[in-house]
Amino acid sequence: MRIAWLPDRREFIAVFIVLLVLFETIVVLGGVPYPRDHWFDIYLLDSNRAASNYYPRNNTNIEPGVQVAWYVGVSNSMGSVQLIAIVVKAGNQTTKWPNDQQAIESPAPVLVEFARFLQDNETWEKPFIWSIENGTSSNGYAHILSVRINNVTYPISGWTASNGYNFRLIFELWTWQIQSNSFIFGWVSNEQRRVAWLQIWFNATTTETVITQ
Amino acid sequence: MVALGIVVLMLINTMSTPAQLTESMQLPFSSALIAVRQAQEAGATPNEIAPLIGLLNKALELQTEALDLRSPAQSSKRAELLSQMDQILSTVATQGSKLTRASLEREQTNQTIAYILGAVAALLGSLFYALAVSSYKRRRIKRILNMRVSGR
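Heads up: the sequence lines are chains A and B, in that order.
Our numbering numbers the first residue of the first sequence as 1 and each following residue consecutively.
Our numbering numbers the first residue of the second sequence as 1 and each following residue consecutively.
I should point out that these hints are in silico values taken from the structure, not numbers from a laboratory.
Treat the hints with care, as some may be off.
Said to hold, decoys possible - The calculated DSSO-like cross-link candidates involving lysine-lysine, where the alpha carbons are at most 30 Å apart (straight line), are: (1) B:Lys77 x A:Lys126; (2) B:Lys58 x B:Lys77; (3) A:Lys96 x A:Lys126; (4) B:Lys58 x A:Lys126; (5) B:Lys98 x B:Lys58.
To be verified - With the C-beta cut set under 7 Å, the calculated list includes, among others, these residues of chain B facing chain A: (6) Ser30; (7) Leu33; (8) Leu56; (9) Tyr115; (10) Ala122.
As the list claims (entries may be wrong) - Covered by chain A, according to a simulated footprint, are these stretches of chain B (three or more residues, beta-carbon under 8 Å): (11) 44-51; (12) 57-69; (13) 124-133.
C-beta atoms are modelled at their ideal positions from N, C-alpha and C, and glycine is treated no differently.
Extracted from the complex, chain B is given alone in its bound form (with noise of 0.2 Å):
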């Protein structure tokens, strides 16, 4: 009888408790999340990372999904949504390092433009800067010589 009524509370308590995602959230989508942090560390645009955010919150929808599932007769459904969502996530991961891959290439590619375009700026400078000061020497020797001629 006591176990009979045990059984009953665990019922109705299951039945009058929503799903707790806060509670319940799986550890893989640290692991996920970290990639997609990388990458965008590493310099992933918005619009790269937008395909790999859309995955995660697929991989949301399923374990919600995954959570009202809670009758025994559900758990074959459960376990399948459940590993969609490890699939997604691994995916994710994957694709978050290759991301992060690419993007710290193409960040030391552009920084290396940018130090070469500093140094021919710098080089473009000097040569301004020489070309005006030979440019103000002649001028200057010229006035001298003209005057000179001229008797002054």
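Just chain A, with the same shape it has in the complex (with noise of 0.2 Å):
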């Protein structure tokens, strides 16, 4: 049968073919994901949620007793669900800090762990809000004995500083491996070790009186 408004068959078909082509690449394409970099990021705001005031009364000196509220967020765009850690460190002056070239975590000692699921895209933030509670100094040396952090104490030995200044806490991020069933410092993107991790000073000059609350 032939219709009369076609013109020639095999021009017609020939048309369909390559339309068809055409369209269907465009449809297996389209299902294709596109590359993009994956990485986390990881910040730490104030009490107002902006990058400012981050210590009370604009002093970096911290008093035994008193609350500095902050928040520590983390964002993945890693492209599917993580489980990720902050681990915060307690530091001073001489603790070594993360090397982001090695991907060496620090060694200070570490004050609390907080661990979250993230879907992809997702940004968490957890108010971390802290005090010194213990204190002491002796020999020209602050000690800070325990910290209250989110309402729960948390008991340290040896964090030390030199007149009670440059004490440090380090906020590092750790993410879940399966292949190896265990958190490692940063994270593994195109086969690369990648870090994120930051730290925030303080001092401490005024802890010669124990308190204890």
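Mind assembling these two chains? They're in different frames, but the hints should get you there.
Shown next, in the form of structure tokens:
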């Protein structure tokens, strides 16, 4: 049967095949995931969720019993669900900070850890409300003996600083690796190890009076 | 005396060391995480995955709570919490597998529909082309006939 307005069956079939290949190629390409970089962000904000007034009354000297309110946040841009942990460490002026090139964590003692499952493109902000609960000083060194974080007391030994200057809180991002069934410092993206961490300095020069809450 | 000293030292050590979650994470978390990732790769939407993430975070809370119970007197409570955590992780693994199957089926249906739509678009495009060519030829013949009738 020949349809009157169809000029040429072979021409019609040829056009159909060309268009079919074109449209199906578009369908296939539309389903291919586009390559993207994978990364995490870690950040610290003050009590107003701004990056400005981290210390009470803008005084970097934190007195025992004075509450400091921060938010520590992590954004997952890894393209998949991730199990992460924020590891908070207690450092001072001489503490080695994490090594970005070799992905080695800081050797400072761990104060507290917060773990969380995050969806892709999800940002999680954890309140980090802390205060020096117990401290003392001797021989020109200030010792922080316990810290209260989010209403839980964390005793710590060996957290000292010369004259109470240059204490540090180090926040490291760790991620769960399914292959090794363990957390690692940083993460692996395109077979490359990457790390993210931050630190904030403070002084505690008035720990002479032992304060116990 | 030495044994007493060791016990005292161990107690002091237990008291002054915070629970290290990064070192004591339970293995079942991996299988649950794999199940959720598979669902995501199969095409599950963030809204579908969100309840599973909620359950996983609940399991994490239970584990953290269990890690804080370190005295022998709290061992039964600790075991109860860990048992609840295992149940939740098992639920996540099951629901993740179901979601993976449902997402795969939905993706296959969507893909088939996309291919069919591609074929329909190609057919419509071909018909449009044929109509356009036919119309063009008809107009051309008409113009030639008009030219002959008018004697030009």
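key: Hints violated by the structure (numbers, ascending)   = Per hint list: zero violations.
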